[in-house]
Amino acid sequence: MSDATDPARSVPLDGRNIDQHLGALRGEGALQRIGHVDEARPFERRPWRREATADDDSYYGLPLLKESVWKWPVPTYFYVGGLAGASAALGAAASLFGRGKLPRIARRARFIAAAGAVASAGLLIEDLGMRKRFIYMLRVFRPTSPMNLGTWLLSAFGGCAAAALLPGRIGDAAALASGVVGLPLTSYTGVLLANTAVPLWQEARTTLPPAFVASAAASAASAFELMSLGPRERRVVRRMAIAGKLAELLNDLAMEREVSRVELVGEPLRRGASGLLWRTATVCKISSLIASLLPRKPRWARIAGAVLGTAGALATRFAVLHGGKASARDPHAAFAVQR
Amino acid sequence: MKGFFTDTTLCIGCKACEVACKQWNQLPDDGFNFTGLSYDNTGHLGSSTWRHVSFVERPVPLGGTLSSFSWLMMSDVCKHCARAGCLEACPTGAIVRTEFGSVYVQPDICNGCGYCVSACPFGVVDRRGDDGRAWKCTLCYDRLKADLTPACAKHCPTGSIQYGDLVELRVKARSRVEELHAQGMGEAYLYGADPESQPGTGGLNAFFLLCDRPEKYNLPPDPVVPTKKVRRSWLSMGAAAVGLAALTLAAVVTP
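Protein sequence lines, in the order shown, are assigned to chains A and B. So for the first sequence, numbering that gives the first Met the number 0 puts the first residue at 0; every next one is plus one. So for the second sequence, numbering that gives the first Met the number 0 puts the first residue at 0; every next one is plus one.
Quick caveat, the hints were computed from the structure, so don't treat them as lab data. Careful, some of the hints might be misleading.
[Stated by the list, open to error] Here are the simulated BS3-like pairs of lysine-lysine, each with C-alpha atoms no more than 27 Å apart in a straight line:
| no. | chain 1 | residue 1 | chain 2 | residue 2 |
| --- | --- | --- | --- | --- |
| 1 | A | K70 | A | K296 |
| 2 | B | K171 | A | K70 |
| 3 | B | K228 | A | K324 |
| 4 | B | K1 | B | K171 |
| 5 | A | K100 | A | K324 |
| 6 | B | K153 | B | K1 |
| 7 | B | K1 | B | K144 |
| 8 | B | K228 | B | K215 |
| 9 | A | K324 | B | K215 |
| 10 | B | K171 | A | K324 |
| 11 | A | K70 | A | K131 |
| 12 | B | K144 | B | K171 |
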């Protein structure tokens with residue numbers, strides 16, 4: 000409830016303009032908590048592409064869709080969840096088929112997975128409108144909602160990743176399980192975005208999941224590249240880094256093609272803040288790949304490659320989120336897809 | 000199955016529906032803006048605005064009229080889609096289908112994840128920042144349970160907003176279109192009246208009679224519930240996950 004009160008009547012000013020001394024609020028919207036009363040403001044009229052004109056086929060250029068309400072924790076989670084999932088997968092492969100020669104990868108993957116699962120949950124809760132109700136995510140099992148499935152996946156992953164820290168057989172079995180669950184964990188976020196009415200995300204529906212998977216592989220490889228490893232382990236990580244970064248760049252090209260089937264839809268990846276982020280991500284990924292490909296890699300090149308790879312993965316996620324927001328603001332993009 | 004039939008040719012833009020909705024549901028005002036967009040100072044549906052009257056000014060004559068200018072007015076509302084994007088996306092089960100066929104957000108369940116906001120192809124549902132939850136038209140669920148007409152339909156002075164049984168409303172709407180056509184308004188048509196004309200949403204439980212392209216009223220021309228298009232994305236996700244498994248194995252196995 001607002002702190003402001005009407006001095007004449009000492010009634011809280013919550014925009015309802017109802018004297019609460021005269022009656023109790025019982026309407027459907029009465030439960031709405033009003034922190035600040037909306038004030039008259041210069042109307043946000045944002046014809047995103049061009050000035051609205053009489054023959055313009057839109058409603059005064061106003062957005063058709065609502066902009067996503069997600070903030071920085073969501074793209075950060077996309078990165079952290081991807082990192083944790085891909086690390087768990089690599090760790091599981093290392094302990095299953097590494098013939099005991101990749102102990103550090105296998106061990107550290109468990110820590111990255113467990114820490115990543117905790118951080119992921121924290122980030123997702125941070126972005127909720129009502130944080131204390133986070134557990135309601137597990138009230139139902141709803142296959143039509145990728146977010147619901149994802150929460151179940153993350154919960155299973157978190158459980159396995161925590162159990163993987165235990166010693167002995169239980170820990171090993173749990174590490175394998177977390178590696179398996181980690182695979183869909185890296186990629187469902189792409190489906191989550193595609194399953195919206197936002198033109199950019201919807202039109203990128205084939206290439207978004209592989210984009211996040213490739214990026215997760217590159218993120219995990221980058222994280223391991225920053226650690227001290229044996230020569231054989233270093234080779235494993237390098238292969239993963241090169242393959243991941245190459246897949247990222249190729250898939251980005253495919254995504255640009257996919258969203259540009261309808262010209263207006265691809266615009267957020269070319270213009271504005273999201274376009275800048277997208278180009279930054281590309282530059283990071285290319286330079287990171289070059290650093291990984293250097294034949295006899297000096298230490299600085301390895302670190303530079305890892306930092307750039309991480310920056311590229313993060314920038315990609317932020318570019319996709321902000322591109323989606325810009326896309327939702329453009330009514331012409333939404334109309335063009337449907338015509 | 001209950002719903003709305005909004006006949007825009009009868010709308011006079013009085014905004015009684017907006018007021019009745021705010022009043023009955025005890026929603027806060029939205030700041031008394033002056034937008035400069037014709038008589039529309041509301042702009043869009045939102046978390047605290049569940050009815051919105053749009054005003055379309057066109058330098059085109061309408062139907063049999065002699066004037067070279069025409070005004071289209073439409074009272075916009077949540078469409079209560081037969082297949083609702085918000086409902087299918089909701090991860091908590093807060094959004095449900097009621098016994099009246101309407102789509103309802105349970106405020107005691109919603110945790111404000113914001114997924115429905117992006118999943119609605121009509122841009123209806125929104126999250127209120129200071130409240131933290133998603134809100135939209137409830138089709139006056141409380142009134143329906145008491146066998147009353149929703150506040151907006153009750154207050155509409157011209158019968159532009161009609162509430163009733165969907166089957167009856169559709170019959171009424173079709174005969175209204177025929178009537179208008181006979182009067183020389185050939186541009187009149189129904190928007191979202193049944194699953195055949197709008198397969199993407201399975202038809203709307205709150206449908207409209209329009210006289211221009213949907214875009215003019217800020218309605219999507221061919222809305223499709225996102226889950227209908229996302230099959231390819233799941234397949235692609237599966238392939239990518241298998242690819243990642245193969246990559247980790249190959250990286251580890253290669254000497």
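ask   = Looking at the structure, which of the earlier hints fail to hold?
value = Per hint list: 1, 2, 5 and 10 violated.
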